[in-house]
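2 protein chains.
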Amino acid sequence: MSFEKFNTDADVTAFARQHSPLFSDQDRLQVEEIGDGNINFVYRVFSDSNSLIVKQALPYIRVIGEGWPLSQDRIRIECEALKLAAKNCQSVVPEVYGFAAEQCAIVMQDIGAYGSLRSALIERQKLPLVAEGIGCFLADTLFYTSDLYLGSIEKKALVQQFINPDLCKISEEVFFWDPYCDHERNNVNGLLRSDAEQLWQDVVLKREVARLKAKFLNQAEALLHADLHSGSVFANQSGIKVIDPEFAFVGPIGFDIGLIIANYLLNLSGQANLPGEQTERSDYQQWLLASIETIWDTFDQRFRDHIQQETQEPSLKLPEYIDWYMQELLADSLGYAGTEMIRRTIGVAHVDDVESISDPKKRADSERLSLVLGQILIKDRAGFRNIDQLVVRVRELMYCR
Amino acid sequence: MSFEKFNTDADVTAFARQHSPLFSDQDRLQVEEIGDGNINFVYRVFSDSNSLIVKQALPYIRVIGEGWPLSQDRIRIECEALKLAAKNCQSVVPEVYGFAAEQCAIVMQDIGAYGSLRSALIERQKLPLVAEGIGCFLADTLFYTSDLYLGSIEKKALVQQFINPDLCKISEEVFFWDPYCDHERNNVNGLLRSDAEQLWQDVVLKREVARLKAKFLNQAEALLHADLHSGSVFANQSGIKVIDPEFAFVGPIGFDIGLIIANYLLNLSGQANLPGEQTERSDYQQWLLASIETIWDTFDQRFRDHIQQETQEPSLKLPEYIDWYMQELLADSLGYAGTEMIRRTIGVAHVDDVESISDPKKRADSERLSLVLGQILIKDRAGFRNIDQLVVRVRELMYCR
Numbered sequence: 007m008s009f010e011k012f013n014t015d016a017d018v019t020a021f022a023r024q025h026s027p028l029f030s031d032q033d034r035l036q037v038e039e040i041g042d043g044n045i046n047f048v049y050r051v052f053s054d055s056n057s058l059i060v061k062q063a064l065p066y067i068r069v070i071g072e073g074w075p076l077s078q079d080r081i082r083i084e085c086e087a088l089k090l091a092a093k094n095c096q097s098v099v100p101e102v103y104g105f106a107a108e109q110c111a112i113v114m115q116d117i118g119a120y121g122s123l124r125s126a127l128i129e130r131q132k133l134p135l136v137a138e139g140i141g142c143f144l145a146d147t148l149f150y151t152s153d154l155y156l157g158s159i160e161k162k163a164l165v166q167q168f169i170n171p172d173l174c175k176i177s178e179e180v181f182f183w184d185p186y187c188d189h190e191r192n193n194v195n196g197l198l199r200s201d202a203e204q205l206w207q208d209v210v211l212k213r214e215v216a217r218l219k220a221k222f223l224n225q226a227e228a229l230l231h232a233d234l235h236s237g238s239v240f241a242n243q244s245g246i247k248v249i250d251p252e253f254a255f256v257g258p259i260g261f262d263i264g265l266i267i268a269n270y271l272l273n274l275s276g277q278a279n280l281p282g283e284q285t286e287r288s289d290y291q292q293w294l295l296a297s298i299e300t301i302w303d304t305f306d307q308r309f310r311d312h313i314q315q316e317t318q319e320p321s322l323k324l325p326e327y328i329d330w331y332m333q334e335l336l337a338d339s340l341g342y343a344g345t346e347m348i349r350r351t352i353g354v355a356h357v358d359d360v361e362s363i364s365d366p367k368k369r370a371d372s373e374r375l376s377l378v379l380g381q382i383l384i385k386d387r388a389g390f391r392n393i394d395q396l397v398v399r400v401r402e403l404m405y406c407r
Numbered sequence: 007m008s009f010e011k012f013n014t015d016a017d018v019t020a021f022a023r024q025h026s027p028l029f030s031d032q033d034r035l036q037v038e039e040i041g042d043g044n045i046n047f048v049y050r051v052f053s054d055s056n057s058l059i060v061k062q063a064l065p066y067i068r069v070i071g072e073g074w075p076l077s078q079d080r081i082r083i084e085c086e087a088l089k090l091a092a093k094n095c096q097s098v099v100p101e102v103y104g105f106a107a108e109q110c111a112i113v114m115q116d117i118g119a120y121g122s123l124r125s126a127l128i129e130r131q132k133l134p135l136v137a138e139g140i141g142c143f144l145a146d147t148l149f150y151t152s153d154l155y156l157g158s159i160e161k162k163a164l165v166q167q168f169i170n171p172d173l174c175k176i177s178e179e180v181f182f183w184d185p186y187c188d189h190e191r192n193n194v195n196g197l198l199r200s201d202a203e204q205l206w207q208d209v210v211l212k213r214e215v216a217r218l219k220a221k222f223l224n225q226a227e228a229l230l231h232a233d234l235h236s237g238s239v240f241a242n243q244s245g246i247k248v249i250d251p252e253f254a255f256v257g258p259i260g261f262d263i264g265l266i267i268a269n270y271l272l273n274l275s276g277q278a279n280l281p282g283e284q285t286e287r288s289d290y291q292q293w294l295l296a297s298i299e300t301i302w303d304t305f306d307q308r309f310r311d312h313i314q315q316e317t318q319e320p321s322l323k324l325p326e327y328i329d330w331y332m333q334e335l336l337a338d339s340l341g342y343a344g345t346e347m348i349r350r351t352i353g354v355a356h357v358d359d360v361e362s363i364s365d366p367k368k369r370a371d372s373e374r375l376s377l378v379l380g381q382i383l384i385k386d387r388a389g390f391r392n393i394d395q396l397v398v399r400v401r402e403l404m405y406c407r
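Just so you know, the sequences run in chain order B and H.
The opening position of the first sequence corresponds to residue 7 in this note's numbering, with each subsequent residue numbered one higher.
The opening position of the second sequence corresponds to residue 7 in this note's numbering, with each subsequent residue numbered one higher.
Rather than coming from a laboratory, the hints here were simulated on the basis of the structure.
Please note: incorrect hints may appear among the correct ones.
Same chains, same names: a pair is fine if it fits in one copy or spans any two.
Below, a list of computed lysine to any residue pairs in the SDA-like style, where the Cα atoms sit at most 20 Å apart [to be verified]:
{"id": "1", "residue 1": "Lys323", "residue 2": "Arg217"}
{"id": "2", "residue 1": "Lys323", "residue 2": "Cys187"}
{"id": "3", "residue 1": "Lys385", "residue 2": "Gln333"}
{"id": "4", "residue 1": "Lys323", "residue 2": "Glu178"}
{"id": "5", "residue 1": "Lys385", "residue 2": "Glu326"}
Please put together the full structure from these sequences, using the hints given.
Okay, here's the thing in structure tokens:
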């Protein structure tokens, strides 16, 4: 394959000009690299009046190098997932201007007017439309790629289009295996060591994680974003943009819902020890719980509306089945939320919501809360009959500490 | 596409010669058509000393004609499924000698020394090695194509290789929809009409069938035969051969297990009213129940042995997970067995085990037994803790009539 990495700004601007109509020949273009730098290269290309993003996928993980090869097919998947999400959930993802398979690169809308939701949560911003926006994004992207909307022949074509083995394998390992044993990739706070060791002995927990893993491996319910943490959501006063669906594949719906809920709960754990006034932090924790309720309730209501109005499949639209199904979806979502909380606490990749707490003791306190919550979510997931019961349980846990 | 149906015996023999080394140029070959004639053309080609089978798939359903087109990709799928089964479960499927995509035709081993299991059951033959052979076939073909054996990247390639939308769609409709409403395709004995009408009103049953349908649509557990009724199993004193995997796709394991168990139970229902001595028929019913136990127990033991000896996946081989999983598999299997019993009783395609009972009243009696059993299997499937409990329940039902 004749793949060539962009080496100079001129490579990037030439590509940007070729694949979008945004710039005139007279525009003088500048380039800055803005990627977080882990996996891909991300460039912002701008003139005096316009800007766009160029994202290039290398045949390996950028920070590790050629020693960890990674299929470049992920950039095709990201591009096609963005286009499908744009169709199913208007204006919530950046518009794709162009794509070139040879260069493994996408040219897309610059969403610089939005900031990372993770940073907003750490700063305790109360952006008004985010939780509702996330609920709508989940309902729309998941419903329109599920059997509740697609015919079975279209659905199978979608499964085939988004088979994504390399990136699924990363999740299979970092979510469902590493954190449940003393794995060399893990990153465990020394003060949390005995908690982690206890967790590694818990066979009931491990059985339930195996069930969630089997669903992740097997259950092709809908096209997932599949990496929907709070760093993949960008937000401002007017709404959200969701980026980076390179992990997209047809999998269990609860995985997307669970990941974003977990990231709110991870922030809640962090707020117990982040800098700032106690009252302000407690107040924000309540706001986070209210946001989780809004995410689920918005999703639940909108998803059910879609079913009522658009599901043709006669056996699956039976109200008795839908009630059972939504209950199961809540349990799945909470289970996957638990796996995200645990893997972000003792696995390889932590989150700044907790990791930025500089005092190791205080950090361990927040980490312990995440770990306990994660285990409850996984083991008791089928017991929560609605999202309120989760909120009540989290409050109990916060007050009992 | 330049596809050409074989029109003359000479077309068939030329193809057979070209794609197998079985015949010498001196051999005089004869052709007989032996297919059941519903979907494909099946020919037996034979000399004085040798024989083989040629199977050709048309781009439509043979008995219906060009009005019901059907993807010819099914013959590639059948060929690849046969080869994979031959690798995973030696000598239980006919050997494939050759395949030509252009002609949509396979040349394979003649298994004329074996007879249809359905006929053997109707004649109350007690072939000694059949149930054990079926249990081994299930354990081997299902284990070696599941996540318990394959790495996740290989598994996803398998899913892609066996995406089979046209044939899955047929099953989705005839198993999981038609029999649960007053569908024009249904074939309901007039004397059973009120039983069927009652069934169509049962929302608990329909909810459970929707759950089984959703698993059939979504759950890519292992490569299924996916049409494992007793007409797909051929048997004699020395064992079995399994044929016709054109419906193969990666789906829920319980579907294969359930179908073959259901076909034993359908025969059991038939034996209540087939010709012959009462004692002989009752005795055979007990033999059928013992066979069902043998099928499950052989499968269960061998599948667990495979896991113990060959599963590398660390989270899925946890004993606590495996116990949960085998329990779930039994419930799935019984649920799918129930759908097969119901669809073979009031759906479009009946089975000779019951259909050959000429007196409509007697036939209705057997059909009613199938229908009741089918509903128990679906609604109570999670309550059966082992296969013995199923056998006890069936006996109760037989004696209480």
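Structure-based check of each hint:
Proximity of Lys323 and Arg217 under a CA criterion of 20 Å is satisfied inter-copy only: 11 Å between copies versus 26 Å inside one chain copy. In this homomeric assembly, Lys323 and Cys187 come within 20 Å of each other (Cα to Cα) only across copies, at 14 Å, whereas the closest approach inside a single copy is 42 Å. For the homomeric pair Lys385 and Gln333, the shortest alpha-carbon distances inside one copy (16 Å) and between copies (19 Å) are both at most 20 Å. Taking the closest pair of Cα atoms, Lys323 and Glu178 come within 20 Å of each other only across two copies (15 Å); inside a single copy the shortest separation is 32 Å, beyond that limit.
In this assembly of identical chains, Lys385 and Glu326 lie within 20 Å of each other by CA distance solely across copies; the values are 14 Å between and 26 Å within a copy.
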